[in-house]
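Let the sequences and hints guide you as you build the complete structure.
So the sequence lines, in the order shown, correspond to chains D and L. All residue numbers for the first sequence refer to the numbering used here, where the first residue is 2 and numbers rise by one. All residue numbers for the second sequence refer to the numbering used here, where the first residue is 118 and numbers rise by one.
Source of the hints: derived by calculation from the structure; they are not laboratory data. Bear in mind that the values here come from a model prediction, so they are computed numbers and not experimental data. You may find that some hints are simply not true.
Unchecked claim - Restricting the straight-line Cα-Cα distance to at most 30 angstroms, the calculated cross-link-like pairs of lysine-lysine (DSS-like) are:
id, chain 1, residue 1, chain 2, residue 2
1, L, Lys407, L, Lys391
2, L, Lys206, L, Lys414
3, L, Lys391, L, Lys401
4, L, Lys407, D, Lys149
5, L, Lys333, L, Lys322
6, L, Lys309, L, Lys298
7, D, Lys106, L, Lys471
8, L, Lys366, L, Lys322
9, L, Lys171, D, Lys106
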Amino acid sequence: MALKTNIRFPQRGGMPEGDPANTHDLLTQEELESRGILFTSLDKLFRWGAGWSLWPLQFGLACCAIEMICTTQSRFDMSRFGYEVFRNSPRQADVMIVAGTITEKMRPAVELLYHQMPEPKWVIAIGSCAISGGPFVDSYSVVAGADKVVPVDVYVPGCPPRPEAIIDGMLQLKAKLSHPERKQVVRDDK
Amino acid sequence: MSENGNAYSERYTLNLGPQHPSTHGVLRIVADFDGETCISADPVIGYLHRGMEKLLESRTYPQGLPYTDRLDYLAGVNNNLPLALAVEKLLGVEIPERASLLRMLTCEIMRLASYMVGIGIYIMDLGAVSGVFYPFQQREYALEVMSALCGARMTQGYIRFGGVQADWNDEAEAALDVLYKELPPFIEMYHKLIDENEIFLRRTKGVGVITAERAKSYALTGPNLRASGVDYDLRRDAPYCLYDRFTIKVPVQQAGDCHARYAQRMLEVEEILKLIKAIHAALKETEPGKIMGAVPKMLRPPAGEAYAQTENPKGIMGCLVASDGKGVNPLRVHFRRPSFDNIAIFSELMPGHKVADLIAIIASFDIVLGEIDG
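Laid out in structure tokens, this is it:
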């Protein structure tokens with residue numbers, strides 16, 4: 002069914018000024034949206050779609066990975082939000098959930114996995130260890146936070162965070178995707 | 118012509134992990150194959166090594182206790198217990214009866230939660246994805262009890278030196294009632310779902326067979342040992358806390374293969390439920406309130422060494438604590454981590470099996486990497 006609209010595009014050579022017919026027919030974006038027409042950029046459309054169907058990389062490091070699994074199970078059910086498609090291969094994933102302690106031995110593997118993921122990609126750091134090293138920060142073998150290895154978009158605190166917090170972290174990432182102007186970049190170059 | 122008689126087989130090295138969905142974390146196995154057949158397998162560990170024993174030397178005793186939760190993170194309370202028992206042995210503290218019962222009750226609840234993960238992930242690794250949803254639902258009921266009792270789901274830190282953190286409450290009682298109601302139908306349903314499954318039987322029967330002698334010589338403990346026909350359970354044979362008050366029936370399997378390790382855990386789940394009910398009944402008879410022994414504010418155990426061991430979901434967890442009698446930090450803490458000792462048999466067990474059997478063997482052992490790497 003074709004939608005009937007009153008849109009009239011400006012004629013070649015410019016719109017004659019003061020023509021009441023033309024100004025009457027031109028609609029604002031809100032009016033168009035109310036009639037079911039959406040003008041958008043491809044980028045915005047893509048980000049809207051990606052925000053609803055993030056494919057996380059199935060990649061568990063420590064305790065937080067168990068809560069990450071719980072989040073996908075029947076009680077919390079992350080598929081309500083469209084995030085249940087955990088991919089085992091980094092080539093198919095677009096979100097890396099760093100769930101647990103990164104050790105010096107694991108560091109190259111985490112870095113490699115991140116680089117194997119296709120662009121665009123995002124990283125969520127879950128739990129104290131992935132945020133800052135957590136209780137193990139002064140250990141000889143622990144990397145003090147995932148942001149020392151990969152750029153992190155969302156931090157979810159907790160040791161480990163409850164599944165509700167992990168879902169909230171995913172929704173924060175969605176908000177960041179749909180409102181890129183709101184994003185804050187905190188960089189630690191140390 | 119290759120060694121095993123296959124005309125066109127090729128030798129190659131397969132690297133499994135550290136990022137692999139079926140290695141239960143960050144275990145890495147470097148295996149050599151001749152065609153489909155494994156000729157050697159070498160577990161590479163240390164990808165989650167956080168230096169926990171060294172860290173505990175720079176923490177005071179109460180600060181060190183929450184670290185043990187992160188060893189076997191599927192059963193946090195069970196890991197607190199050996200450290201608490203060892204330090205209490207040094208201090209010579211008397212534990213109130215109610216605190217001991219609460220320790221046992223929470224340990225059994227978390228043992229149940231850990232078995233649920235073990236069984237569920239095992240079935241999922243063998244390809245039955247829906248098989249993981251049901252046990253995880255039961256695990257949620259168990260975690261709900263812990264959540265009501267002390268506020269944390271996974272890494273509770275519930276046990277303190279001299280007692281426990283919080284007393285039993287009505288909310289936990291209600292959550293435990295839900296567990297009583299939901300678990301028996303689940304066990305019945307899961308037996309129907311899995312036991313007769315042709316694919317499951319084909320992939321597990323006769324795979325990864327460990328004889329009782331080999332199991333003992335490799336120091337296997339826990340359900341993996343009992344699945345090989347060795348009737349040994351610390352709760353019954355060397356009781357700690359107040360386990361000697363209860364009659365504990367220990368199921369044993371004779372086959373020692375991957376299927377026996379599954380069946381063993383399912384049988385133990387029923388026994389755990391009975392034990393939870395017995396401990397719960399005993400708990401109701403004690404007076405509420407007294408959950409901490411007379412423990413000094415600043416813990417300075419006298420010089421000496423103490424060792425305590427408990428039966429954890431993965432096997433026997435031991436803890437050695439050495440104190441110099443002066444400092445507030447332990448001089449040395451060492452853990453005997455059951456998963457670490459259990460995976461030593463992999464290099465002997467895996468050769469001769471096919472690629473897919475390796476996954477079944479890893480899954481049937483129910484390992485936890487936090488415990489292996491420490």
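*Index of numbered hints that the structure contradicts, given in increasing order*: Structure breaks hint 4 only.
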